[in-house]
Every structure is written in structure tokens, then in C-alpha cells.
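Chain A is fixed; fit chain B onto it per the hints.
Protein chains: 2
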Amino acid sequence: MYFNLVMLVSIGSIIIAFLFALEILRKDAGNEKMQEIANAIKEGAGAFLKRQYTTITVLSITLAIIIFLIYALSGKITYGWHTSLAFILGALCSSISGYVGMYISVRSNSRAASAAGRSMNEALVTALKGGAVSGILVVALSLLGVAGIFLLYGGSANPLEVPLLIVGFGFGASFVALFAQLGGGIYTKAADVGADLVGKVEAGIPEDDPRNPAVIADLVGDNVGDCAGRGADLFESTAAENIGAMILGIALFPVFGIYGIIFPLVARAFGLIASIIGVLSVRIKEDEDPIKGLNRGYLVTTILATAGFWLSTKLLLTEYHTLFFLAGLVGILTSFAFVSITQYYTEYRYRPVKSIARASETGPATNIITGFSVALECTGIPVVVISIALLLAYFLGQATGLPHGGLYGTAVATMGMLATCAYILAMDTFGPITDNAGGIVEMSGASENIRKRTDRLDAIGNTTKALTKGYAVGSAALAAFLLFSAYLTDVHIESVDLAKPVVFIGAMMGAVLVFVFSAFAIRAVGSAAYYIINNVRKQFKEKPGILEGKEKPDYAQAVDICTRGALKEMVLPGLTVVIVPLLVGILLGPEAVGATLMVGTIAGIILALVLNNGGGAWDNAKKYIEAGAYGGKGSFAHKAAVVGDTVGDPFKDTAGPSLHVVVKLLSTLTLVFAPLFLILHAVK
Amino acid sequence: MYFNLVMLVSIGSIIIAFLFALEILRKDAGNEKMQEIANAIKEGAGAFLKRQYTTITVLSITLAIIIFLIYALSGKITYGWHTSLAFILGALCSSISGYVGMYISVRSNSRAASAAGRSMNEALVTALKGGAVSGILVVALSLLGVAGIFLLYGGSANPLEVPLLIVGFGFGASFVALFAQLGGGIYTKAADVGADLVGKVEAGIPEDDPRNPAVIADLVGDNVGDCAGRGADLFESTAAENIGAMILGIALFPVFGIYGIIFPLVARAFGLIASIIGVLSVRIKEDEDPIKGLNRGYLVTTILATAGFWLSTKLLLTEYHTLFFLAGLVGILTSFAFVSITQYYTEYRYRPVKSIARASETGPATNIITGFSVALECTGIPVVVISIALLLAYFLGQATGLPHGGLYGTAVATMGMLATCAYILAMDTFGPITDNAGGIVEMSGASENIRKRTDRLDAIGNTTKALTKGYAVGSAALAAFLLFSAYLTDVHIESVDLAKPVVFIGAMMGAVLVFVFSAFAIRAVGSAAYYIINNVRKQFKEKPGILEGKEKPDYAQAVDICTRGALKEMVLPGLTVVIVPLLVGILLGPEAVGATLMVGTIAGIILALVLNNGGGAWDNAKKYIEAGAYGGKGSFAHKAAVVGDTVGDPFKDTAGPSLHVVVKLLSTLTLVFAPLFLILHAVK
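Keeping their order, the protein sequence lines are chains A and B.
For the first sequence, my numbering begins at 4 and goes up steadily by one.
For the second sequence, my numbering begins at 4 and goes up steadily by one.
Hints are computed from structural coordinates only; laboratory data are not their basis.
Some hints here could point you the wrong way.
The list treats identical chains as interchangeable, and a pair is accepted whether it falls inside one copy or across any two copies.
30 Å max Cα-Cα, derived DSS-like pairs, lysine-lysine [said to hold, decoys possible]:
(1) Lys544 / Lys357
(2) Lys36 / Lys288
(3) Lys571 / Lys357
(4) Lys317 / Lys503
(5) Lys636 / Lys295
(6) Lys317 / Lys53
(7) Lys626 / Lys503
(8) Lys203 / Lys636
(9) Lys203 / Lys555
(10) Lys295 / Lys203
(11) Lys642 / Lys626
(12) Lys317 / Lys544
(13) Lys541 / Lys357
(14) Lys45 / Lys544
(15) Lys541 / Lys642
(16) Lys544 / Lys555
(17) Lys357 / Lys53
(18) Lys642 / Lys544
(19) Lys30 / Lys45
(20) Lys203 / Lys357
(21) Lys45 / Lys79
Small disclaimer: the values here were computed from a predicted structure and weren't measured.
If we strip away everything but chain A, and leave its shape as in the complex, we get (with noise of 0.2 Å):
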């Protein structure tokens, strides 16, 4: 019955989000110079689109037959066939809902600029609509994939293996997502370092002037980057922890029977339903901040996800149900604290971007020492909270006294902190939808009303999509444990025991996979952004008449270029990431990427903070002195500022968040090949 439920709410919500997106596309577009320029951000990001995923089906494809020959060859046919699969599935719905996330964002953001012409009210609802369509299809998807799985297989298994078996679909789901976070991180700011050195350094025109061939390039970055490669990060963990909570929910089958199984599925599906409604209250009063519908929604969203929570664990987990709500409970508060923090380090009503700004006064040198030193600071107390959590759950599940419980405890307090999801997620597309409308606005000319409107729709989405990243890293984090837990019950390892010299060279490696694969991500931007600079100025060398007005420069040229340069400087970081830990299992076996998994996910979650938060903080110090301070816009303390923001671009919109799908790849990835492992390395 409850299966029927998850199957029905997945369904329904992919309707909902299909009836929020003909909402959109049926309103004003905007007149014929927004869509004149929404036009050429739909191309560009369906060109980049395109090629990215014929990139990722033949990387997907190639591994879907690696992984089906490995067991095959080692006598699991049927177990690799049914990986393989699952792979390919998780694969595909990670594609799809970042590619129908794209195709609604890029046609609701001139929609969105045309709404600001009549309403704040309008154009918040607008853009926070569209950032629903995505939100929702990416957790239904994933409800319906993990689902559809656990029912195909159900028949040919034994259904108390199938959670093992969909791990193949978590996989996918992680692998597309590297890419697509990867390569949109990549082009994302590629275009903005690029068309800002050519455009602002070299000739002087300002942001988002349409005589700059990179222009365009840029407001398509924006999508890709936080709209694509966000939707595919967070399909993947709500996907990998549905599954990890359902491989611990094999062990409490003697108690709960199959309810403990589906129950991560029941309690998604309420936490759906929340979250639609939540979406559904946000509006404004005219004079109001837009910020605080926003947040009025997010707290509709966590009440009735609270309440959904409680009524499923009451529903499904009998007698200990009190217990494990609370450990929920400790999830949903986590993600609060997460918000929270996050909003500390990054904004700058704080003393730490307050501290950065002040910095700038001397120069860009001590401006990054300051914001590198708030960066590396600000990983503290959100492990403490962490900490935390995890002991707070693991005791509430262990209070039950069953077997596993504590265990189960900290699935369930993932599961709390996963509730609002889909919310978060529409909050962060938000993000380069009004980015876009703000762009769109200004670029066509519009009035100083309009602009007004979207610059602070523009600001909020820059707050948003700063704390999804805080929400992001701290569902890995807490999800991290239950993700070890489901590799050690797989490959029935007892423990990761760092005092064996294999297992610590394992670990010494899980850390610096991290720091190496941030370093090939940041060095990638730099690389393809020469590829924009040199087309930009070749532009400007052949068509003089572009900087005077006069000629119109080529957009679509300098959206291949960044194009065909993410796509390429993509596969280096991407592969070693794939590459590190096999070759850790395949030589030094299970025990030994065990300690990979669990220190690079420490090592990964906390870089991906200082990266994270490191880039929000200089990015702020900078808005603060152009708010004013220290000098205000052009001031000696303003280009000290400039500088530490652009450093932190490529940290905070490429490599940290690409971390975060690093680290939950480590899970997936292990997962799988777990098997291969312990053949290679039996009874040692």
C-alpha cells in the first residue's frame, strides 16, 4: 500500500511540475528584445547541453559495459547485467532532470524579467515556479527511479538484495552528476572570468553589455553551472541516500519487515508533498522584501515536512516510531544550523566578510589572507554540528534497542534533513533565473523601476544559491555515515581499521584525491577561460565596429568555444576521481577503500566548505564595499575586493560544489564494485 503511495505522490508531483512549467511558458515572454536575448541563452545552453551529454552517454555507456564485463567475467552475470542497468536508468533520470530543469529555467527568465515590469510579487512567484519544475522532477524522478527499480527486480530477486542491486542506479545517477556539475562549473566560470578580463579589464565596457561577444556565454554559464549541475548533485544525493537508508533498512527486517525498506521512500514522498506546498504560499505584499515570502515558504515546507515525518514514521516504524521521529527531527534541525552557519560566513552583516572587506583597504594581498584565513575557519563549528547530529541520532536510534539501531537512527536523521529538498532545490534555481532576468533587463534597456526589482531579486538569488551549497555539504556530511555503513554491510567488513598500513596509505589517498581533484578543477577554469579571452579579442580585432555599436558580435562563436573547452578540460579531474579508488580497491582491497571513502569525504566535505564559503565571503566583501563601505564602487579597497572575488569564483561555483558530488560518487562508486573487490582480495 504505502509502495502504491510513494508511487502515486512521485507521479503526481512530475504532473504538478509539468502544470508549473505550461504556468510559465504561458505567460508574457517579454518583449521582443528580452526574447530576442532570452533566445540566444535558450540556444547557447541547449548547444552546451547537447554536446555535454553526448560526452556523458558515451563515458556512461563505456563504463555500463566495464561494469557488466567485470562481473561477468567474474561468473555474476546476472548480478552485472542488473547494475548495468540500474546504472544506465539512474543515468538517464539524472540527464533528464537536469536537461527539463535547463529547458524550463532558460524560458523563465525572460518571463520572470517581464513579470518584474508589473509586479515584485509576479516576478518572485515566476522565478520561484520555475525553480520548483526543477526542484520537484529531481526528487520524484528519483522517488519513481529507486522505486521502479526496488518493484522491476522485486520479481527476479530476492527482495531483501534489491537495495544492493540499485546501487548501480545511485552510481549513475553520482556519475552524471560529476560531469554535469564538472563541466558546467567549468563553463560557467570560464565565461565570466573570461568575458569579464576582456570585457571589463581590456576595453572598459561594463557587465552585461550587450557589445561584449562573451555576454551571452556568461547568462547561459549561469544555467549550467547552478541550474543543471546543481539539479543532477541533488538528484544524486536524495537518489544515493534512499538507498543507502534502504541497505540499513535490510537489517531491521526481522522488526519492521519491508516497511523499514520503503520507509525512506514514504518519508520523501511526504516531504514532497511539503514541499509543493510550500511553493504554493510564497507571495509578497508589493513593498515587501521578497526574501521573507521566500522564507515564510521555507517554514511552511519545514512544518508540514515535520509533520509528514512524524506521520510516517507513526505509520511505518510501529512501537519505536517516538525515538526515530526525533532522530528525523535532529536531521531537520541540522539543515537549519546548516542555513544558518552558512548565512554567518558569507554575509556581510558578519564580522568574517566584514573582517575580508576591511582587509581590502591595504590591498588584494591581505584581502585573500583574510578571506583564505575566514575560509579555512569557517569548517569548524559546522563538523562540530555534525558531530553532533551524528551521535544525537545514532543514541536516539540506538535507545530503541534493536539491533542496528543506531545505525537506522542516523538514516533517519538524513532522511529529516533531506525532507525539504525539493524546496531548497527550487530556491536554488531561483538563483540563475532572476540572475538571468537581471541580465535579460539590462541588456534590453529597460526601465530603472524594472531594474531595481531584479537586481534585488538578482541579490537573493545570490544568497539562495550560497546557502544550498551550506545545505548541500551538510546532507553529504551526514549522509556520509550511513553511506560507510551500507559499504561495510556489502562487502561484510566489520571495520576500517587505520592502524593497518594498507588502510591508512587508503586514507592518505581519500584525502588527497580531494585536494588534487580541486586542483585539476581550478586549473581547468583557467584553461578554458583562455579559450573565450582569445576568441573575445580576436572578435574585437576583426569586427572593430563591435565596441562602437555599430556591428553585432557573434555570441554563438564564443558559446562553442566555452563550450567545446568545459567539455574538454572536464574529463582530467572527472576520471581521476573515477580512477583513484578503483585502483585503491583493485590493489589494496575493500578494507583499504573503506578508509578512502570515509577520510576523502571528510577531507572532501571540509575543502568544499573552505571552498564554498571561502568564495561567498570574498564575493560579499566586495558587494559590501560596493555598498559603500570602505570607499564604495572604484575605490582602492574596491579593486582589492574585485580580485579576491574573482578568486573565489572558480572555488565556490566550480570545485566546491563539484566536491560535493566527489564525495558522494566515492559511496556509489565503492558500492558497486564492492563485489570486484572482495573477489580480488577473499579471504585475507
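Same frame as chain A, now just chain B:
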């Protein structure tokens, strides 16, 4: 008998260091002007050390009392006072070696400057011998201290338990090293940044200009940071690793008897002799590059140390000596590998530094981004090298078939790596001496010819300083596993199982600790720099004649302000590192703190590589441009590269080197408090 040999070598070496010191002091101290500057440096350094050691003494005595009380209250009075006494002794020996090294270093500088007026060879030999006083003393005192306590406690306790008692010695050494390195590191960079910002940027006067009131503070900084700081760091390395190896030697008592325990001391004694001969062998022809002379000396030391190592394994480790000798050889080769990798990432002959210089063409932001990406990337190969070395040494040891043979193999490899320690340290202290000599020559207005010589020596000093840091990280990494094993033996736990929630949390705490520590250390530089900036501004304002060269600035005041600032700022990061692992141990137990230790070490080593090599690469990218690339001095690229260099300063000279000490402090601290954690978490 071998024990007496160790005592003999230690005392003999101290006498030789004393003779070196006399030889230097008898040399011509330069002309009046040179002596005047040297005296100012001497006074400044003396004042700093006096204050610093006062602070450290207070902290040390407090901690010694706390250690005693904790054990007294747990009923282990004898253990308590033994440990406390050993702690005090370790702290004392570390302080002495730091102090004496400094004493000679600040007297060698003007003598090296004066010698440069006569011949390159004399200048080189003077600076190296000045460094050797420090290098020899550090190793000899650590040897004497450990051996002395062994002798002292040998009567009152079971000789097998002595190594466990003298971990207090290592902890005392670590504790002093932490504050010496941290305080010195903060001082040196605060003075450097402060002097540059007000002098070069605001007042427009060149570096090392006598009109700058902070110029002496800057020269003092080179001594207290690089000389006293690194001396304490490596004193601590040698002590901690002797102890770690001796603890493992206990496990082999049934096989080797007492020889297994004292083997590390004997091996170290041979290394000391090799280093002394190495130093004595250095001389160059007048037209030869001095770096060749230093490299020849290193080669002589390595060959002799290898021979000595072979002899000591042959004499003490009986029929297993071939395998253990090979393990030692792995260590010696690892130190070579680390030195080469450091060169690759920080010298401008190679791709990484060149890429930073090239990125400077597009401004400071791209310089920083590229530098940061190099810094992150440079962690990869060293970790792979360490992994291979660990595995090789472990398997060589295991091949002996002895119980715990594998671990003893890694211990022997660490001994191998540290065999050439005294020579490396002499090369390191060579750095501040030549740097000072250059400053003295510059300020005293010596002839172009002499200045060329000291400039070349100064450049070589920069290289040797960078190499020592690579060596220090490498030895810390290799020793880490050794100290873990000692810890596990000590607390009688078999495994550090990351799959347990509390252990996982301990691991997260370890990783985040080093990040937060680095944040505090870097921020401390900024805060301390503000003190000196304000003082210099005040002096310029109050005495307008200074800038015209008519009035003498008050150097002592700037030195004093910087001293106060650095000492105040070192307390927060220092105490954080001591308190967090204590809390983890008390709250979560010995296994969790084991994970803190291990994962903290992994994260610490990786972050130290990032900070040290990143800083070194930025520094040399600037030098590469100054040597003529991308427009040379004064070009747009040069300005960008100066920003990178400034950013890198607190990374490579404050946070990075302090992290080496943190890593080892974590080990000795957990070893000392292990009995406490055991009592609090007994029978779980």
C-alpha cells in the same frame, strides 16, 4: 657499551658545535657599520626570545603541574612525576637548542657579510658552520636527553617501561616547538608584511632600507622564525621519533634484547658523525656556484650516513640486519625524493612556477588562482611516495618473520630518513644567516661585488629553506605511522575503527583541527602586522626627518611592538591544538582520539604541503619575473606576482611550518595522556 657510544657521540658533538661556535666568534665581525646593524638584530632577537621563552616557561610549568595532578589524582603518582619531569626536561632541551642556535646565528650574519668581502668560499663556510652549530646541537641534545632519561629512570623503573615514560620528553619538546615555531612564524611574517606595506607601498622606499623603522624587526624575524622555530621543530622530530622507535623496540625485546630499544639512538649517533664530516667537507673554488658545494656536502653526508646505518644494523640487529638496512635505505631514498619533489614544485625551472608567472600577465586574481591550484596539486606525488615507502618498509620488516617486524621496518625507515638530519638543519639555518648577511651588506652600503656574493648566497638560502620544509613534512609523514603504532601499543587497543560513530567523529575533529589552526595562525599574522604598521606610520609622522635620512628611526620600538603582537597572537592557535585532542580523548575515549591523531596527521601533512609549496611557488614566480620574464621588475605581471608572494608568506613561513609541529604534537600529546583516556573510558 653501545649506550656509552651514544653518550660519547652526543657529548663529543656538543663539543664540536662549541668549537664551531668559537671559530665563528673569532672571525672578523665586519666593519663598524655592519656591526652596528648586526648588534641591532642581535638585541632584537634577544629581546624576542627572552619574552617568548618567558611565556613558554609559564605555559610549560602550568602544563607540567596539570600533567602531574591528573596522574596523581588517578593514583599514578610515580608515573605522574616521571612524566612531568621528562616534560620539563624536553621543554628545556628544546629551548636551549633554539636559544643557542639563535645566539650563533645572529653572530654569524655579520661575520658572513664580512667574509663575503674576502671570498665566496669563506662566506659560504662561515654561514654553513653557523648553521651547523644549530643543527648539531639540536640532534645531539635530543639524543643526550632521551639517552639521559633512559639512564635516569632505568634504575627506578622497569627498563622496558622507560620509553613509555619518556614520551613526556617528546611532549615537552613538541610543546615548546609549537610555540617557538608559531610565535617565530607570526613574528617574522608580521614584520615582513608590515615593513613592506608601509615601507615599499606607502613610503616608496626600497626593501632593507635603513630609513624603515621596521627593517631590523624584519631581519630579526628571519632568525626567530626560520632558525629558532625550525630548530625546535626538528629537535622535536628527532626526539619524538627516537621515542616512537624505542617503544616499538620493546615489542622486539625477546629477539634483540635491549639492542632493539637503543638501536634508534645508535643509528642517530652515526648520522650525527656523518653530518659533521659532511659539513667539514664543504668548500668551493672561487668561481664555483656555492650550491654545488652544499650539494657535495649533502652527498658526503648521505653516503657516510648510509654506511653508518649499515654498520649499526649489522652490530645491533644481528641476523636480520640486511632487511632492516634495506628498510633504512627506503627512508634515505624517501628524503631524496621529497627534496626533489619540493624542487619541482617550487623552482622556476619547472612547469608549476612557470604557469603561475604566466598567469600573472592577466593580473593578481589569475596569479592567485593558478598558484592555489599548484598548491593543491603538489600534494599528490608526495603522498604516493610516502605510501610506497611505508608499504616497502613494512613488507621488508615483515619479511624478517619477527612479531611486529613490519612496524619495526617502518621505524627503521624513519630512522633512515632522519639520519642526515643535522646536515639538513645546518643548511636550513644557513638560510637566515645569509639572508641577514645580505641585509647587512645592503644597509651598510657595501660594494656591488660583495653584494652580488651575498645575493647569490641569499638566493641559495631561500632554496635550502624550502627544501628543509619538504624534508620536515616528509619525515613527519613517515614518522606519523610509527607514532600511531606506539600510541596503540601504549593504550593496548588493537584497532582504530572508523566504522564506529565516535571514532569517525574523532577523525573529523582531527581533520578540521588543522584547518582551524591554520586559519588562526594566518589571521594572527594579519593582526600582528597591524601593530607594526601602526607603529611605523607613527614614527614617520612624529619624526619627519626619518624619510629624509636625517633622523634615525627607533628600531627597538618596532621590534618590541612586533614581539608583543606575535606573542599575544600565538596563544589562541597554540592552545586550540592542545585542547581539542584532549577534549576528544576525555569525551570520546582513546580510540576516537587515535582517529583524531591519524586523520589529523593526514590532513596536517597535506595542508602543510599546500601551504609550504604554494608559498614557495608564489615566491619564485615573482623571482622568475624579476629575472626578466613577462616584462621583468615593475611590469604589470610583476605587480601581480608581488601580490601572490605576499599571500604566500604567512602560508609558507607561519602556518605551514607550524603544522609540522602540530602533527607531531598530536602524537606526543595523545601518548602522554593515553593513561588518562584509558582510565576515563575503561572496559567499554
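Each hint, compared with the structure:
Only between protomers do Lys544 and Lys357 lie at most 30 Å apart by alpha-carbon distance; the minimum there is 28 Å, versus 41 Å within a single protomer. With identical chains, the CA atoms of Lys36 and Lys288 are at most 30 Å apart within one copy only, with a shortest distance of 29 Å there and 77 Å across copies. In this assembly of identical chains, the alpha carbons of Lys571 and Lys357 lie at most 30 Å apart only when taken from different copies (23 Å versus 38 Å within one copy). Taking the closest pair of Cα atoms, Lys317 and Lys503 come within 30 Å of each other only across two copies (28 Å); inside a single copy the shortest separation is 44 Å, beyond that limit.
Within a single copy, Lys636 and Lys295 get their C-alpha atoms as close as 28 Å, which meets the 30 Å cut-off; across copies the closest is 53 Å, which misses it. For the identical chains of this complex, Lys317 and Lys53 are neighbours neither inside a copy (46 Å) nor across copies (68 Å), given an alpha-carbon limit of 30 Å. In this homomeric assembly, Lys626 and Lys503 never come within 30 Å of each other (Cα to Cα): the closest approach is 50 Å inside a single copy and 44 Å across copies. Taking the shortest alpha-carbon separations for Lys203 and Lys636, both the intra-copy value of 14 Å and the inter-copy value of 26 Å come in at or below 30 Å.
In this assembly of identical chains, Lys203 and Lys555 lie within 30 Å of each other by CA distance solely inside one copy; the values are 18 Å within and 46 Å between copies. In this homomeric assembly, Lys295 and Lys203 never come within 30 Å of each other (Cα to Cα): the closest approach is 34 Å inside a single copy and 49 Å across copies. In this homomeric assembly, Lys642 and Lys626 come within 30 Å of each other (Cα to Cα) both inside a single copy, at 12 Å, and across copies, at 25 Å. Taking the closest pair of Cα atoms, Lys317 and Lys544 never come within 30 Å of each other, the shortest separation being 69 Å inside a single copy and 74 Å across copies.
With identical chains, the CA atoms of Lys541 and Lys357 are at most 30 Å apart between copies only, with a shortest distance of 25 Å across copies and 40 Å within one. Only within a single protomer do Lys45 and Lys544 lie at most 30 Å apart by alpha-carbon distance; the minimum there is 27 Å, versus 60 Å between protomers. Proximity of Lys541 to Lys642 under the C-alpha cut-off of 30 Å is found in both arrangements, the shortest distances being 27 Å within a copy and 27 Å between copies. For the identical chains of this complex, Lys544 and Lys555 are intra-copy neighbours only, at 13 Å inside a copy versus 56 Å across copies, given an alpha-carbon limit of 30 Å.
In this assembly of identical chains, the alpha carbons of Lys357 and Lys53 never lie at most 30 Å apart, being 42 Å within a copy and 36 Å across copies at closest. Both within a single protomer and between protomers do Lys642 and Lys544 lie at most 30 Å apart by alpha-carbon distance, with minima of 27 Å and 27 Å respectively. Taking the shortest alpha-carbon separations for Lys30 and Lys45, only the intra-copy value of 17 Å comes in at or below 30 Å, while the best inter-copy value is 78 Å. With identical chains, the CA atoms of Lys203 and Lys357 are at most 30 Å apart both within one copy (26 Å) and between copies (26 Å).
Taking the shortest Cα distances, Lys45 and Lys79 never come within 30 Å of each other, neither inside one copy (45 Å) nor across copies (75 Å).
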